[in-house]
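Q: In case you want the letters, here they are:
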Amino acid sequence: MNNVPIEYYLILSAFMFAVGTAGVLIRRNAIVVFMCIELMLNSANLTLVAFSSYLGLAAGQVFVFFVMTVAAAEAAVGLAIIIAIFRNKSTVNIDEIHIFKW
Amino acid sequence: MSFDLILFIFFALIAAISSVIMITRPSPVISALFLIINFFSIAGLYLTLNAQFISVVEVIVYAGAIMVLFLFVLMLLNAKDEAVLVAGKSKLKIFAVVIAALVFAQIAYIILWAKPSGGLSPNIEASIKAGTIENIGRELYTKYLLPFEAAGFLLLAATIGALVLAKRKFE
Amino acid sequence: MAESLTAVQKLSNKYSKTYMQDFINILPLSIIASGIFISVLIEMYSKYSEEILPWFSIIMLISSAVSSIALINNTQVIYNGTLATGGNVYIFYFMFTMGAALTVFSSIDYIKKYGSYFGEYYILLLSSVLGMMLMAGAKDIFTIFMGLELMSVCFYVLAGINRKKSGANEASLKYFLLGAFATGIIVYGIALIFGTAQTTSIEIIVANFGVLSHNILFIAGMLLFIIGFSFKIAAFPFHMWAPDVYQGASTAVAGLMSTGGKAAAFSVLIIILSAVFPGNNVNVFRPYFAVIAALSMIYGSIVAISQTNIKRMLAYSSIAHAGYMCIGLAAGNYESVAGIIFYLAAYTFMNVGVFAVVAMIEGENDTNLELSGYIGLSRKNPKLAALMALFMFSLSGLPPFAGFFGKYYIFISAVEANLTWLAIVGIASSVISVYFYLRVIVLMYFSEPETEPAVVGGGYGVFSAVIAALLILVLGVFPGSLLSLITAYLK
Amino acid sequence: MINYIYLTVLLPLVGFLINGIFGKKIKNEKLTGIIGSSAVGLSFIIVLISFFQTLALPVEERSHTVELFTWINAGGLNIKVAYLVDQLSLVMALIVTGVGFLIHVYSIGYMHGDKSFWRFFAYLNLFIFAMMNLILSDNFVLLFLGWEGVGLCSYLLIGFWYDRKFEKGTTSQAAKKAFVVNRIGDFGFLLGMFLIFLTFDSLNFHEVFTKAELFPISEKVYGFIALFLFIGAAGKSAQIPLFVWLPDAMAGPTPVSALIHAATMVTAGVYMVARCSILFASAPAILTVIAVIGLLTAFFAATIGLVQNDIKKVLAYSTVSQLGYMFLALGVGAFSAGIFHLMTHAFFKALLFLGAGSVIHAMHDRQDIQQYGGLKKYMPKTFITFFIAALAISGFPGLSGFFSKDEILWYAYSHGSVLMWITGVATALMTAFYMFRLVFLTFYGKERFSHDVHPHESPSVMTVPLMILAVLSVIGGYIGIPVIFSGEGGNHFEHWLAPIFSSAERRLENYGAHSHFEELLLMFISVAAALGSIYFAYYVYTRRPGIAVTVSGKFKGLYKTLVNKYYVDEVYESVIVQPIQKVSERFLWKFADNKIIDGAVNGSAYIIEKLGEVIRLFQNGFTQFYALIMMLGIAIALFWIILSL
Amino acid sequence: MEQSLLLTYLLLIPLAGSLLLLFVNKANETFIKWFGLIISSAVFIVSMIIYYRFDYNLAGFQFIDNFIWINKINVSYHVGIDGISLLLVLLTTFLTPVTLFSSWNSIKKKVKEFTFFMLLLEVGMLGVFVSLDLFLFYIFWEAMLIPMYFIIGIWGGDRRIYASVKFFIYTMAGSLLMLIAIIWLGVYAAKFTGAFTTSLPDLYKVGPNIQYEIQKYMFLAFLVSFAIKVPLFPFHTWLPDAHVQAPTAGSVILAGVLLKMGTYGILRFCLPLFPQSAVIFAPYVSVLAVIGIIYGALVAMVQTDMKKLVAYSSVSHLGFVVLGIFAMTTEAVQGSVIQMVNHGLSTGALFLLVGMIYDRTHTREISSYGGIAKIIPLFSVALMFASLSSIGLPGLNGFIGEFLILLGSFKSPVLNSWAFTIFAASGVIFAAVYMLWMYQRVVFGPVTHPGLNSLKDLTKREILILVPIFIFILWIGVYPGTFLKLSEKSSNVVIRQALGLSVPDLKSAAKQ
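Chains as they are written, first to last, in my numbering: chain D, 1 to 102; chain G, 103 to 273; chain C, 274 to 764; chain A, 765 to 1409; chain U, 1410 to 1921.
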């Protein structure tokens, strides 16, 4: 890793982050949107790990651990919400979910 | 062209491409699969960064647990494919992609301007030591005890929440 | 093998004592935490949980509030610099717990109204309070993050707790997706901060801020972090979830979200920005906050005028209020911090009170939520009308109510920071906002109902509204009491 | 007694209060009348006594000030309620209380049976109160109090029969007109006062006049002061262009016309100018203006008088014209002459009005002289007194009018110009004509009134005052006999007033002396003219009735113009009144206020509301759109960061 | 300066009264009415005590009561009065019971609430006049809006909602500007005195030292806020609506006291705090005032609604007051102060009378009256009296004020032009026109509507209400010294503060 400057990792994660946001912005399926968010989290994790190992600080990786916990928790709740919606409207297409507006 | 670099490029390419494919496939399931691939490659990248523990957790928790949950729900709701990505509101979605690209460009620009590598000298031993499970465990149970407790509450709350929203009791 | 054991013993010896001590230091927290466990048990094993739980959680919250006032002088940083106790942290605790307690009061009848009782409701409510407390007390980004997530996750669920209502589902989905999105942004910001500051301890970050502020990557990280929280405080242009969620979520919960959630997020911003606050070193983020403050105030007030649904109207008004508080962040001096905290206290009780009233007036399945439902309320139920009027005047920033003094103090800080133009935008928007606050009063008092308004319930909600009103009056007439307390712990 | 002069002010006030408050309870006309009259009578006696006391004093001690209390005291302004008793004010007081008393008595008879008898007497007393304040005040502000007070009373009395029609409108309209026109004058008066205060730093007569005498002040300032004050005087004394209210004022009961609109109030302007003689004397330019305006008023009023058929209207215009004479006198610097004419005029004009009242009373409120005729035999007393008064006003030698008027004419010639004199004489000629036209149409010729009318002589309570006044108008002149008849110092009246006007006359440069022959010649001409026109009137209206008709037929245009009073009212109406009203209603209120100013207020509110309607659409309910906006925000924020590099 | 609790009692009595009222059973209306009347009379008595103890030879503030309220920003409960505020306090305490008594029968619904709000209103009004701390002042100033808002909104006419909301928002917009100025001033004071303060005596020292460029903005902020309240042309449009829609009591208080707050504010704050700006802006403000005088009169002239007519006449009269204040000569300022009282009395009386006839016929249209002099003579006399006083007939109160104002402005070195006075004085003519025209159409002439014949004349109660007002009208007209002497010292103080910088210097200062 001496020969790989950290910028590479950062740029990569930035790229994936952007891709993730793009996904959030364009996908219709709520679950997929949520997956894109997971992608964003992961890209952030990559940055964290990269920093932590380049700095030799464990904190970053510990944080990644926490992020994963959060991701898991959100996954549980989020999917539950999606299921609840599916039960009521039998759709997960977020374009069809806008009774509240203006 | 050192071995690390080759490894990095290898995993990076997979990660990047898989992520792009993931958001562009109409079928949710395929997207999910490519996301898993993406996770694997990220796990690989973690390895190149000497973060053994995290990379293992990445595979087990993310790729293993979470994504399986996703797939499970996908199957459960047997969600249909999204006919075309940019059907309707196409302008808006193109604009969205542009914005995402712009943000990427900006962050990249900032990163390159800041040159973080300039400040720090990578120290293999330190990084290897940092990534060890022992080290992480110690940090977790001593320094970050409180957040760890909080995580416990978080998971509890999540479980209860999931129960409330998804259980069939009141149907 | 052996040495590893000894290592473990060493550890346990080293920490156990102090940790026992710390559990007392964070009594408010531990009360809530234990409350959560106990209520889980109650919910699992008691068939009377519906009667027990609300009162139990109220007791827990109140006692936590009391203990936080009792321990307010015990200011220290514990758990290896991840948590602060005493001082303004506990003032925040008081806000959260009292706010939550009042919410519980108004929830009791509200939940009955909807016939679907979830014991989990109270558990999640307590957990969200715990999350807020962690945020407010955080001294380390870890704590902030976990607290934030704990609170958010609970709110996601609470928003959709009436899961049979598609409105609730939509609210929770929107809140969840956007919230998670914001989380992603926050995490990325944290990553950059960690990478550049090489630590997650806020104290160190604050100490080195002068140096770090030259590192563009750090600033970018901070910005993303702040944006994430701008989302939580619902400041323009990151506010867009708020109206839909408040409208969809059950009214009592909306009250807590719009107060506790906001307050917690502001507490984090204050903690993070305390580095730039003493004003002597330049406030990097002043332009950012100045802009979103101005936009939020104007946008919130103007759009609120055109609303017909009271919850939605209050949502927009809460956006405007976020704007006022952002003036404080932009001003960035000790006065402004004090101002923000005071404003938050005032705002918390005003809004909780309002939502309590709304919850009482709200009929089965979302009836009486339109403003037209308020016509002739003064005849139907003078007490509720009077309370509502009081809250409206306070929200519109009229003396002698707390809302006015909060604004006054924040404007002072703004003028001191040479942000007079921002203060003027502030008054412009409050003039506009007067219009829609008054409209409620007009409907309640001046308009003659062509049809008799639907029967409105009273119950414990009145109690919470009254307490809120009293607190507002006290804060309004004797603001010095709280203010001197806040400022005492600021420096 | 001089120190109790304030009683003369107080007594009428007491009378007013008694009649005003308890009048309705006192069901007894007699009592009310007695209270009212005695209040004035007593004050007349007081004035009389103090007059003789003053007469006894040496000339330089004849001016007293009786202070009551401080009225207004703010900053440099210190106004006392104080009464100045000197030669001028005494003369005025005598006239006011004397004539006033007679008219009070007369009214007992005239107003007999009116449903609000008490109200009438209350008003009359209030008027006397105000008038006494006006003439006795020792400062401008108190004078102004009286000034407006009499205005108010004339308003109340003109509108006394508030539910009666009067010409086109109602009496109350006439009343309002009177008050408003007077207000226009008062406006000028106010400005005059302010300027005086600015210049002399005081509003007390004595201080102001002494300062005016001692300190040199630019003529321009004096000019403005005099002009402003004269506007006030013109308003009160019905001079061009503010004379329009007086004819309408005839809507009031006839005694009111006699007292207020002939004898006393309308002469307040003359009094005020005379009082401020020094100020006017210091502004010769304005003096000339006054003279000219007086002359024009006299002339044109007379021409209008020629053709009026309403008995009171004729008298009204003759009043205007006579007032014009007085201002002519003042204008040419003959202040005492002006006052002198004021006095004599008070006698004979009051007499004329009361006589007219007696006639109207007899004719059951008919006022059109065309429907009179041959009343001589029905009401001899009235006829004789009326005839005397007519002679007096026409300047029949030996009667009071003769002396005063010819004095004025003489001054007009000697201090003014020949043209002035000629116009004056022409006016005198016309005066004589229309007065006797009145006399002949009323008392001579055949009876033109319908037979259900049974004219009768008025009760003695009305005729006695007539006789007294008749006597006065006969002998009244002899206290001011011109020098040429009486020799040096023979003119007691002028002599008596001399101290008041001395400073003013000193200020005016002396005019060239004129020979007695000239004066006699002029006097003869004017007398001849007057007598001639009397005979002409006699010829036209008794011998050859019909000529008048043919003549008026010949000069139709002129005739109509005169009958319609030169259309002045109409012009004012269409040039001033209507435009102001229209502008205020159509433009100021309906447009500027409601549309523009209020429109701006409501408009801004409206705009904001509509703005809300539009902006809210931005919140379109699509989750992804929300996320997009957030990203946009992030992009912009990052952009700002990058810029700040 | 000796501390005194009297003013605190003045504020506490009505406050306590209103709070006690909350515990009274609303069915018990007569008791509530009497209660309100007694409380307000008690306040009046207290104010009389103050009047007797007041020493008009002292220039400064008296009956000071002062203790720290919010130490963090040096806000203290600091009350005291000088001659100017004393007069207005007396006016307030006098008018409140009168209005309460006047609405004895005219307020039919929600008597309890009405009395409650009236008492609160009195607290607010008195507070405004006695507070010597800008923060305190502002609190009262704003708080007083709430009861007035309800009084118009609940007991008002058909368009009461529009009127009340307009009144509220319009006034609040102005006062928020003032709030910013107050804060700005306080922050500025910190530069001089070291601490943020809103204490008036301290700020009197600070204000004049602020350089003109900044001072003028503060001045304008204050001025606008007060101008709206006065109301000064062109900020007047809320007034006709509010007046017409408000119930009689509301109109009386509105015209009698609330409008005075604006002029009082100008006198108490604008002039002494920002002398340079005040002097430089004086001509411009006076132009507005004069426009207001004529404009108000002309518009009043063509009104068809009696209340509206009186409302516009208020615009005209208050124009005089403002003109007098900015003339900054003793005569003019004294005149303005007395004119504030006058307007309170005469316009109050007019509104009361209009209200009385309205109670009988339920119409305010001038055209629906005529010839009522025969039917209700007492009323006609009363109306005549009030009209004359508002016309400014010498011997009645109106004249004193207007005369002094005009005189003072004529010789004013600050305005330094006759034009102001000449135009303003023309207002005197128009006043006569619109008042007498209204009177003529309503009272004189033949009876136009047969319905009028059944009108009842003034009752004992109504006479009892009017007589005291008329007594004061006459008193001020005949012997104004009683009142002028109270405010003389204070007015001089204000003028001295305002002209601290001599006029010519200012002219040059304005140039730069």
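It cannot be assumed that every hint is accurate.
To be verified - In silico SDA-like cross-links for lysine to any residue, where the CA-CA straight-line distance does not exceed 25 Å:
{"no.": "1", "chain 1": "A", "residue 1": "Lys-929", "chain 2": "A", "residue 2": "Gln-1342"}
{"no.": "2", "chain 1": "A", "residue 1": "Lys-1354", "chain 2": "U", "residue 2": "Lys-1717"}
{"no.": "3", "chain 1": "G", "residue 1": "Lys-217", "chain 2": "C", "residue 2": "Val-698"}
{"no.": "4", "chain 1": "U", "residue 1": "Lys-1519", "chain 2": "U", "residue 2": "Asp-1768"}
Read the hints as simulated data drawn from the structure, not as lab findings.
Q: Which of the numbered hints are not met once you compare them with the structure shown?
A: 3
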